Amino acid sequence: MSEGMEEGGSIKKFMYMNRKAPYGTIYALEALEVVLIGAAFDQDVSLAFLDDGVFQLTKDQDTKGIGMKNFSPAFKALGDYDVTKLYVEKESLEERGLTADDLMDLVYEDEDDDWAEKPSIRLVSRDELKAVLADQDVIMSF
Amino acid sequence: MKFGVVVNEGPYTHQASDSAYQFTKEALAQGHEVIRVFFYHDGVNNGTRLTVPPGDDRHIQNNWSQLAKEHNLDMVVCIAAAQRRGILDENEAKRQGKDADNIADGFRISGLGQLIEAGIQADRLVTFGD
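Residue numbers (the numbering used here), protein chains in the order written: chain X, 1 to 142; chain W, 1 to 130.
No lab work stands behind these hints: they were computed from the structure. Bear in mind the structure is a predicted one, so any value in this text is a computation, not a measurement. It is possible that part of the hints are untrue.
[Unchecked claim] On the chain X side, residues computed to face chain W include the following (Cβ under 8 Å):
1. K12
2. Y23
3. I26
4. L29
5. E30
6. V34
7. I37
8. G38
9. Q43
[Unchecked claim] Derived BS3-like pairs (lysine-lysine); straight-line CA-CA distance at most 30 Å:
10. X/K85 to X/K69
11. W/K2 to X/K130
12. X/K69 to W/K98
13. X/K64 to X/K130
14. W/K25 to W/K2
15. W/K94 to X/K13
16. X/K85 to W/K2
17. X/K90 to X/K13
18. X/K13 to X/K118
19. W/K2 to X/K13
20. X/K69 to W/K94
21. X/K64 to X/K13
[Unchecked claim] Away from chain X, derived, C-beta distances all over 12 Å, residues of chain W:
22. Q15
23. D18
24. Q22
25. G31
26. V52
27. P54
28. G55
29. D56
30. D57
31. N62
32. Q66
33. L67
34. E90
35. Q96
36. K98
37. I120
Note that the Cβ used here is the ideal one computed from N, Cα and C, for glycine as well.
I would like the entire structure built from these sequences, with the hints used as guidance.
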């Protein structure tokens, strides 16, 4: 996002916390709907994935057996909406036997720099995530 | 202080709506401003006027409607979440070809933008849910 946001004052830091598995409850899907609508408001947006929420970003999701729509491809569109900061908590991955290799390749085009594709996913420790959260203005937890 | 309140769970199964109601009532009593109460996920079910709890129990929907009336509260039910769960106002019922509506007094149906806007305008956005 542009530098103007620190000066602007009207731009807030929005953090969407994703803590639940993608299926089993509707929280993850409806959280993503908030993020996509919220992207139109030109705020400074971050997402965090922790607890079972890390499963939302796993690759090769196949929901045929449970009759639900696989909505994980929508995460790939986030970069186009200027949603480029996806914090994934390392401990949550480890506790579930996952590594970064199990996650989708999510990228964004860096319009402010060299227009190169850069990874949106940022692996952070629980302590690092704490610091990120402390820096937010609005936190919505799903 | 300007508060925005978010209710993410339905009535009775979960305490979220009760807690949000108590919080909102007390915040207003203490002279704070509550710029909006936004109902999302199963929270939209707080906005049906068809609930009939036992007479010796609190009436959650009536409580909200009463509070809205007393304080001119803006209570917004998310349209996408509401449509999934069968919460309709007259316009939506007509538009969707349904034979009835069920939105309670004091609630209005609108989009998720109202939630984001509450986050931008409030000093604190307080979420009630799991």
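Hint check, failures only:
Numbers 2, 4, 13, 15, 21, 37, in rising order.
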